[in-house]
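Colleague: Produce the complete structure using the sequences and hints provided.
4 protein chains.
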Amino acid sequence: MKNKMKLGVIGCGYWGPNLIRNFAKLEIAELVAIADTDSRKRSSMKRLYPKLELYSSGEDLIRQKNIDAVAIVTPVSTHYPLAKSALKNGKHVLIDKPMTETVEQAEALIRLARKRRLVLMVDHTFVYSGAVRKIRSLIQSGSLGDIYYYDSVRVNLGLFQHDVDVLWDLAPHDFSVMSSLLKKKVKEISAIGSRPVRRGEWKPESVVYIAIRFADHTLAHFHLNWLSPVKVRRTLIGGSRKMVVYDHLDPDNQVKIFNKGIHVKTDKDRSKVLIQYRVGDMFAPKVDQTEALELVCRDFIKCIRNRKKPDADGEAGLQVVRLLKAAERSLRKNGEFVLL
Amino acid sequence: MKNKMKLGVIGCGYWGPNLIRNFAKLEIAELVAIADTDSRKRSSMKRLYPKLELYSSGEDLIRQKNIDAVAIVTPVSTHYPLAKSALKNGKHVLIDKPMTETVEQAEALIRLARKRRLVLMVDHTFVYSGAVRKIRSLIQSGSLGDIYYYDSVRVNLGLFQHDVDVLWDLAPHDFSVMSSLLKKKVKEISAIGSRPVRRGEWKPESVVYIAIRFADHTLAHFHLNWLSPVKVRRTLIGGSRKMVVYDHLDPDNQVKIFNKGIHVKTDKDRSKVLIQYRVGDMFAPKVDQTEALELVCRDFIKCIRNRKKPDADGEAGLQVVRLLKAAERSLRKNGEFVLL
Amino acid sequence: MKNKMKLGVIGCGYWGPNLIRNFAKLEIAELVAIADTDSRKRSSMKRLYPKLELYSSGEDLIRQKNIDAVAIVTPVSTHYPLAKSALKNGKHVLIDKPMTETVEQAEALIRLARKRRLVLMVDHTFVYSGAVRKIRSLIQSGSLGDIYYYDSVRVNLGLFQHDVDVLWDLAPHDFSVMSSLLKKKVKEISAIGSRPVRRGEWKPESVVYIAIRFADHTLAHFHLNWLSPVKVRRTLIGGSRKMVVYDHLDPDNQVKIFNKGIHVKTDKDRSKVLIQYRVGDMFAPKVDQTEALELVCRDFIKCIRNRKKPDADGEAGLQVVRLLKAAERSLRKNGEFVLL
Amino acid sequence: MKNKMKLGVIGCGYWGPNLIRNFAKLEIAELVAIADTDSRKRSSMKRLYPKLELYSSGEDLIRQKNIDAVAIVTPVSTHYPLAKSALKNGKHVLIDKPMTETVEQAEALIRLARKRRLVLMVDHTFVYSGAVRKIRSLIQSGSLGDIYYYDSVRVNLGLFQHDVDVLWDLAPHDFSVMSSLLKKKVKEISAIGSRPVRRGEWKPESVVYIAIRFADHTLAHFHLNWLSPVKVRRTLIGGSRKMVVYDHLDPDNQVKIFNKGIHVKTDKDRSKVLIQYRVGDMFAPKVDQTEALELVCRDFIKCIRNRKKPDADGEAGLQVVRLLKAAERSLRKNGEFVLL
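Chains as they are written, first to last, in the working numbering: chain A, 19 to 358; chain B, 19 to 358; chain C, 19 to 358; chain D, 19 to 358.
Check each hint, because a few of them may be wrong.
For chains that are exact copies, the list does not tell them apart, and a pair is met inside one copy or across any two.
[Said to hold, decoys possible] Keeping only pairs whose Cα atoms sit at most 25 Å apart, straight-line, the calculated BS3-like set for lysine-lysine is:
| no. | residue 1 | residue 2 |
| --- | --- | --- |
| 1 | Lys203 | Lys221 |
| 2 | Lys59 | Lys69 |
| 3 | Lys43 | Lys69 |
| 4 | Lys304 | Lys152 |
| 5 | Lys326 | Lys201 |
Hint data in this document are derived by calculation from the structure and do not stem from the laboratory.
A quick note: this is a predicted structure, and the numbers were derived from the prediction, not measured.
Modeller: Next comes the structure, spelled out in structure tokens:
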């Protein structure tokens, strides 16, 4: 098929091969080139996908005329220059999360993409997962009633990474999911951290607690931890009508919906306020198990073809960067709330 | 036995009957009297323990000459006057938690007890549980190494109470346990809350997040929530050598000890710092299942007899009140850290 | 109230006090007497319920004119003589499970009760639990479709009992529940056992597997075990439309209903039969948490008043005894199926 | 490296690609050829491993002079002719489980391999898993004491397969694991089944219960089920000193060791036998997570090089076939025990 869209992937480290695998199996586009500075990584990919053209730098790949779109899966510090260059060369761009190191960079990319009429998308993978899509539809339909709070725990005995702390490593997942679920305006953010593990000069935050206050006073809270002996991926969303527990690690029941709400009533005899709890049924809907990253790839291609905005567009990426930067400022102020 | 110590219990509401039941079965002391303003509660106790003398007010009970010690299990606002009166009448005193409404009241009781050489104890029940005693001995023996962080979650769809918010309802449990485990000096405390449920004027905090920073920078964190669809009672304690998960609701494995530590090393080739994780065995020791409240009661009697200080003495109760009051101040300052 | 029915309980061992406690709190009848050969057990009950008349033998209690009905909670070997005597003295009778030691004894009691127009009920407690009632209504409504199989596991590190083996100790629970759920005719039963633990002459079956084949070929299976390091109480019921998991130890989700059925279709190309699985939602209905024994007590009183047959009547008790005796015969024949 | 051993794999269906992947990554041998009758499956493998020679029949591959050893991963009905041919052509052979359709075929292959001095191995994958190796060392060291019973549950809502029933599909896993753990002589076997799902003539056993009695009277039991709404993979092994729970689906705690044993003592006062339970600590050792199939492949190569017998040799494969055939006979006799 002559008109099949042609794709390139820049970066074959931890996450790149997953994108490559998903692009490779799409029928609606053709993965033609990859780039990585590490020749062993390039040849390891070549062995799996013999037809790929290999480049030792992202810039070389970007200069290829036959490539329509690129995915950038490199360390975050290189996201901005590579994406800018790709957009200037007329390529549609998918960037790994977090989108950029600064708010200004994200804004510049959004402007550039808009000017060139190119698709700019961020790989907020979880936003495309069956579980998050199910919860989004529940919230949007009003099933939960008013949202009372949002509480997220993402802890594990993770690999320490050299170039990021636990905030930049884990929070992009939760911030992107929360932003896609709660269509509320963030007012302020607070972050408290701890750095018990050190190595010479290097002493990253490895335990961080974040609170987000929305304009309507709703509270969201995040516990991020690289030093937990057990792995937990659990989000509670309390609503006035129903409540949701999203446990990413429970394959059979990723989403549980509780018919437990509260109902305020006055007990006149005792002249005091009581709140009665409705404790009801629990329902664990079937959740689509399609790999979320496949849906990310498909949405990228589809948006290029139809000149549409993806769900995880540049604005969504920018909002995550905004939250990260504000959380960073609050960390330096020992948890003081920072306006967004 | 002539010399058996004689006890009275003031308050037969939710918790009082548990203290009465435990005192009643002790051989080393004799429960002789109870007091409650509600005649139905008094007679309900009388039916179970026919020999009890009944009083309609705590003051009446306190005035009885034959009573050596009293337990005060009434609403917190009455703790101070009752305890003061009891101490002035020469009775040893066990007070339900939290000890008092203010720091000054707690300090006054401690002074009074010291002056009269009477035992003053606070019913920090969990401090006496098999699980907490096991963890305490682990920490004291140095098995965990340096403490990296302390993270506690106590959430459920609880009964809203008229006279307290979620802070005063749940935090005393966690503050007393933490204080008994970590012999570190608290530097400052921060609390952020949310009050999504209201009834007229009444609008209590029902979701609260608390951070405590110790003088050595260690971080402790608490999630208290009356609006969770699932009940969680879980504390993570990360150490440089071992880590502990204390799950109060897992009867078979309340305490799990993980041989997972981290080990920092330099990867010279890649000129960057790596941290390797030791991921090892897990051990769930047998935990003594004796009812903690029975041990509280026994310790109270024993300390009276031997003129010793109980583990949960007035100072322990005072520290919990100090933390509660400081958390309250921080709540009003939108989470600003408050020095202790 | 003059006409309040008067009750007596014979046997204050392990289970008796639970019946006494439940009868004592009923308003519709009055517990007036208890009997036990052990004076310590009698006085222990007297302390809790001071108005009770005490008897040192069940026969003495049975002879009291003012008593309308008795509960027999003694070792199984005494069930028949006591129940016979009680019925002959015009008392309605509630017997602990298993009803009797032999089929003939159970049949004799049924005949006697019918002749005297007295209520004869067996304390099949679990049959009255919220979970079993919920499952029964699901099956009776046809929600599960055709029943494919019934699989029950009841294992724990239990107390060895002197006078029974694991079959007589645990199977009455499962046989009574199964009989109340599946209205199918039992054709034959097989039991295989193991007796690894011995003490001199005494060497009871402590691990037993039982298979029941119904007339329509449906298979039920039971795993009973006193030597398991973990406690399991789980029943799977497979249906053509839905499947049920009943986990007695999961308080939040005792009953789970799975929308997973199978759907047979022919794959013509490959000339072979395929079976497609529908894998759908899971639903955990709210289950009534009223203590099942309270409902047993209430049903007993109600049936006496209204001269009705209880759900767990003599016939139900007889069926359990029939299954136990047939399983015993199969055990002696090394698992050969025995016709019922 | 000239002397690198050369391997071929026959069969690229469900399991074949896993063997191919593991052989391909070994440094100590070279995978050179694959065979499958389905050209799509051949080319799908070629795409991943471009250097492979492709054959459309196993016989063609077997005739290649340069191949030293073959793995046979085809439907069980073809195992015998292919393995016989391979052995006759001087190839070492690794066969997928179950080894053959009949006892006689397995015996013939063993004789042939012995005569030709070739390695004959069966892919009993689980026998090489970290969990099973850990349990084997526990049993062999005597830690568990005397083995009291062995209870295995392997149930799920599985794919119905056209050519086998649940016995031949699932039991080979459990029979091979049990045989590798318990070095006891099997005396007899009983199997009871149910076939609730049918499609015309085809009506396979989809629920099967199997009991194995060893010569020393120890009992092993297996529950195999294609119709369970929940997936369970759990084996209990009761010993006189310790007990083991092996849960294949609990990644954190695949093997749990309970310090719970029983201790028989006589209670003289009450003239009856009591058994006291020691209820002690639980220990979940770290389990090697190396893919078991990689160890199978390595052991195959190593045994060829060193002319040694693999753990899962022809005799082990034969024993599994013997148990399957005997279970089949018992199924036809409605569960009557069949001598082995």
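Colleague: All hints are to be evaluated individually against the structure, with a verdict given for each.
Modeller: How the hints compare with the structure:
1. Lys203 <-> Lys221: between (33 Å within a copy, 23 Å between copies)
2. Lys59 <-> Lys69: Both: 15 Å inside a chain and 19 Å across chains, each within 25 Å.
3. Lys43 <-> Lys69: both (13 Å within a copy, 21 Å between copies)
4. Lys304 <-> Lys152: Result: close both inside a copy and across copies, 9 Å intra and 23 Å inter.
5. Lys326 <-> Lys201: within (20 Å within a copy, 59 Å between copies)
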